[in-house]
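Chain order of the listed sequences is A and B.
For the first sequence, the numbering used here gives the first residue as 1, with consecutive numbering after it.
For the second sequence, the numbering used here gives the first residue as 1001, with consecutive numbering after it.
The reader is advised that the hints may include incorrect statements.
[Claimed, not checked] In silico lysine-lysine, BS3-like type, Cα no more than 25 Å apart, as pairs:
no., chain 1, residue 1, chain 2, residue 2
1, A, Lys256, A, Lys278
2, A, Lys345, B, Lys1209
3, A, Lys103, A, Lys115
4, B, Lys1192, B, Lys1057
5, B, Lys1037, B, Lys1209
6, A, Lys352, B, Lys1046
7, A, Lys256, A, Lys223
8, A, Lys345, B, Lys1037
9, B, Lys1057, B, Lys1046
10, A, Lys183, A, Lys115
11, A, Lys345, B, Lys1041
12, A, Lys185, A, Lys103
13, A, Lys183, A, Lys223
14, A, Lys23, A, Lys256
15, B, Lys1037, A, Lys343
16, A, Lys23, A, Lys115
17, A, Lys256, B, Lys1098
18, B, Lys1057, B, Lys1067
Worth flagging that the hints you see were computed from the coordinates, not collected in a lab.
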Amino acid sequence: MTRDLTVGEALRQQGVSRRGFLKFCATTASMMALSPAMVPAVARALEQARRPSVIWLSFQECTGCTESLTRSHAPTIEGLIFDSISLDYHHTLQAASGDAAEKAREQAMHDNHGKYLLVVDGSIPLANPGYSTIAGISNLDMLMETAEGAAAVIAVGTCAAYGGLPQANPNPTGAVSVMDLIKDKPIINVPGCPPIPAVITGVLAHYLTFGTIPELDHLGRPKAYFGTNIHDRCYRRPFYERGEFASTFDDEGARKGWCLYKLGCKGPVTYNACATAKWNGGTSWPVESGHGCIGCSEPAFWDRGGFYQPLSQATMTSGTVLGAAAAAGLAVGVGAALMGRGKHKQAQEEQK
Amino acid sequence: MTLLDFARGPALQWALIIMVAGMLWRFFGVLLLMRGKVLSKPRSDKTVWAGIRTVFKRSWVPPVMSKRTQYQLVTGYVLHIGLFVVILLFVPHIEFIKGITGLSWPGLPNNVITVATVLTIGVLVALLIRRMTQPVLRAISNADDYISWFVTMLPLVTGLMAFAHIGPRYETMLAIHILSVALLMVWIPFGKLMHMVLFIPSRAQLGAKFERRGVEA
């Protein structure tokens, strides 16, 4: 595909109708919490935007983020928009390999210096550069070299955004996130394990439309997608309010679709668009399929107690520890009382 | 580690350790205290039964005093029933207890808990105003009374704020709520809130003593 095409021209070449394109623009504007009046502006901007060069680096990751995007629902308009960017480097999707692949990255960096978007999935190991390398280049070196000429960095997936699974205790590879290393570039975190495809493309669409990064929350996530927690948007919320909970995955409550709080749902402390955007072309999402939210778009979600432990339970307290505390308290109490009795007796004898 | 992780992890763990150890220390320390030898001849041999009876009997004011203590009686009951409902019948609280003891029981809908929380907060405010405005009550109040009031009030207010999404983001407010509960747990063995356990041996002992002397407890 010619790099000089606009996004609109590229989509038309792929057979996307005007109606389909406008529908995508309206959905994206709605998800970005923009006014309906902004839809024509989004459409105009997207239509005329030059296809930006995108370099996608994959570090310590499972390729789930790419799978999420490419296998979301074939073919989606989001997928086609994604095809319409100039994806100049991506291990999984590019045809080139070896030196040719690395040359493509260097060429894209050279030709679009200061203008290309850098997308990163996966965390970066610092304990030993040899833990993860690409063409003999450590993840750290490749990230720093590629980020230098990038206009902005999009950290896709919880591993790139916050360290994710590789960073889970005891973090054997010394994994860190993109924002731990890059301080002089705009960074957009699109966490999730994996992130919702529409959110990744929505962020790209926002950048193409406005030329700026969207408004971010304190964890660097676009507020339009990560502004409210799962619990507040959950269709099972009325059952929470009524005190109706599933206690096991096959009890009456589970069959009736009651709240999954007792089964460890982390929806109240997880910010993501799952409850509204859903997955697989809007078919369903984890809570709708009967499993509680595991909080995958939050930092350190692997180390925040068990996935099936209710949010209100203590994460470190065990019966053994409390039993030991009780024994200690009992011993000290009895000991203190006996000492008091001893002293009292001694005082009485001295009086005699 | 986020504030919520700290609250659910080390804060709750240490608060529970201090509460359990401290309560047993104080309970057995008081129970086994040296007491003077009673030399008089007992006027009744039903002292144990009298002790048990007094534990329950003292939960109600004798008719002769009921008019003068009506305000305290009503507010006291509303406060304690409110605390019982809020602490023990809210499902996330039951889950907390279940996580430690393995015991659980059915809970109440959230709107009932919300009403109980608001009522309990209102009663606590009313009781504080009374304590601060009545000269005699003010004179016999010490720091323990005010600290106990504060550490009881704090979890109610922070819990309501977390539930109603008032103030900081939910996860922060939840962490603050859990930390306020941890503060309450740490204070329980060292202050007047220990009456939640000590009222039983205290009343029983009084009832038994009075029975032995042949007087009405």
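To see whether the hints hold, each was checked on the structure:
no.: 1; hint: A:Lys256 <-> A:Lys278; result: holds, 20 Å
no.: 2; hint: A:Lys345 <-> B:Lys1209; result: holds, 23 Å
no.: 3; hint: A:Lys103 <-> A:Lys115; result: holds, 18 Å
no.: 4; hint: B:Lys1192 <-> B:Lys1057; result: holds, 21 Å
no.: 5; hint: B:Lys1037 <-> B:Lys1209; result: holds, 12 Å
no.: 6; hint: A:Lys352 <-> B:Lys1046; result: violated, 35 Å
no.: 7; hint: A:Lys256 <-> A:Lys223; result: violated, 33 Å
no.: 8; hint: A:Lys345 <-> B:Lys1037; result: holds, 12 Å
no.: 9; hint: B:Lys1057 <-> B:Lys1046; result: holds, 16 Å
no.: 10; hint: A:Lys183 <-> A:Lys115; result: holds, 18 Å
no.: 11; hint: A:Lys345 <-> B:Lys1041; result: holds, 24 Å
no.: 12; hint: A:Lys185 <-> A:Lys103; result: holds, 24 Å
no.: 13; hint: A:Lys183 <-> A:Lys223; result: holds, 21 Å
no.: 14; hint: A:Lys23 <-> A:Lys256; result: violated, 35 Å
no.: 15; hint: B:Lys1037 <-> A:Lys343; result: holds, 16 Å
no.: 16; hint: A:Lys23 <-> A:Lys115; result: violated, 28 Å
no.: 17; hint: A:Lys256 <-> B:Lys1098; result: holds, 23 Å
no.: 18; hint: B:Lys1057 <-> B:Lys1067; result: holds, 18 Å
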